[in-house]
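Quick mapping for you: the protein sequence lines, in order, are chains A and B.
The numbers in the numbering used here rise by one with no breaks, and the one at position 11 of the first sequence is 36.
The numbers in the numbering used here rise by one with no breaks, and the one at position 30 of the second sequence is 991.
Heads up, a few of these hints could be off.
[As the list claims (entries may be wrong)] Interface residues of chain B toward chain A, partial, derived using beta-carbon atoms under 8 Å:
(1) Gly1008
(2) Val1019
(3) Arg1020
(4) Leu1023
(5) Arg1080
(6) Glu1082
(7) Glu1085
Keep in mind that the hints were calculated from the coordinates and are not lab data.
On a predicted model such as this, the values are computed, not experimentally measured, just so you know.
Ideal placement from N, C-alpha and C gives every residue a C-beta, glycine not left out.
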Amino acid sequence: MTISLDLAYHAPASLDETLEILSEQAGRTVLLAGGTDVVPSLRDDLISPNRIVDLKRVEGLGDLAVIDGALHVGCLVTFSDLIGSPAVHARLPVLAEMAGMVASVGIRNRATLVGNICSAVPSCDAGPLLLALGARVHLVSREGVRTVDVDDWFEGPRRTAIRSGEVVTHVTIPLPASGHGAAYARLSRTRGEDLAQACVAVVLEPGDRPRIAFGAVAPTPVRARRIEALLHAQGLDAGAIDAAVGLVAEEVAPITDVRATRRYRLAMCEVMLRRAVTAAAGRAAGDGPVHGTPLM
Amino acid sequence: MGHAVALKVNGESWSLEVEPAELLLEVLRSRVGIKSPKPGCERGDCGSCTVLLDGRSVRSCLVLAVEVDGHELTTVEGLGIDGLTELQQRMVELSSFQCGYCAPGIVLTATELLAVNPRPERHEVQAAMSGNLCRCTGYAPIIDAVLTAAATAAATTAPEV
Ligand code: FES
Ligand code: FES
């Protein structure tokens, strides 16, 4: 069980100190927040850094607050923090719905939302929902600050738009208008330990184009733009939803792996899309299933 | 390069020198002598290595020892200092475990659940325990013990009218 790596460990107390360390040498650095992905990756030799920069002592990175109509989620905010936040429950309950489906309590107490999109595995739970919510990723380096639309964030399995020397300080999630409805549906073999076999996030805002994204069925989380356009044009009646379900195979490209076959994933994406759109529309109308009710 | 780490384990202060790549699970077992956290999957899936870090359950196979500098850990050794807890007594009475390998992790996870949600519904207990695997019991006697402990605690603190 031992990790056999010669590692330097830094635990800076401020962002300035962090950026100073990152600029010192172009070493193979891994940034550490909750560690639930970093530690297994170290052990499995997926990464072989020569230094770890632990962000947990940096002041201000754990902020979770509504600022100017957007939810600010600092890079140290855990999934359990989201689940326990009254602001999240009041303004963006679908975020707590998603967080509650991630792994287990023991993982959620440690794993962070930002870490989830930084490790960027194709099955990451936060990815599709942040895409559907139109989130923005905020980075800082010695050169200054930079913002990336989450639409441009995921570049491949475990690859993102982050550059060497940068730290993701937080994401901002614009709060959907009141009267919106959203849903996150996730399929896995067992509760509590399995990665998603497929997942879908749906956000419906009154008068606006629906936003829909899938996870675990392509190299990165993906927006389903044809489905969005179709539902925008045709509305959300049964016929339109049937037509949207008919487009799923054009939007996603699942593979067969140990968790599911390609065919099963495709078929289940159709079921999940139907249920998630229906749940989100119901919530927008004020009578959908309570957030957290498993749709699968 | 070694790092000095000061932490509290079950109320006792420890100062250790650890390498950055050393896992908390290894350090607890081999250096602190706390053997209740068990290596199972060693990748965060099974929960047998669970410890409470500042009162919250975490998987010690996914935590580097160097990260817990200045923090407080509780394991079942610490829970039992003043005798078995209500929950542990119910687990003994209901024979919640067989081989017992999962027990420390399950006791701690259920202890955390009851601290944040003293009267959980059965489905809430199932959801909270779903990340702790037990290969022996089928879970029913574990979940029953958590619910019974919650009911007993509620009856003694606030008698029902
Ligand atoms: S040994 Fe840590 S979760 Fe299985
Ligand atoms: S009692 Fe044997 S693993 Fe749970």
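These are the hints, each one checked on the structure:
1. Gly1008: 6 Å, holds
2. Val1019: 5 Å, holds
3. Arg1020: Nearest chain A Cβ about 5 Å off; hint holds.
4. Leu1023: 5 Å, holds
5. Arg1080: With a closest approach of 17 Å, the Arg1080 of chain B hint is violated.
6. Glu1082: Since chain A brings no Cβ nearer than about 13 Å to Glu1082 of chain B, farther than 8 Å, the hint is violated.
7. Glu1085: With Cβ-Cβ at 11 Å, over 8 Å, it is violated.
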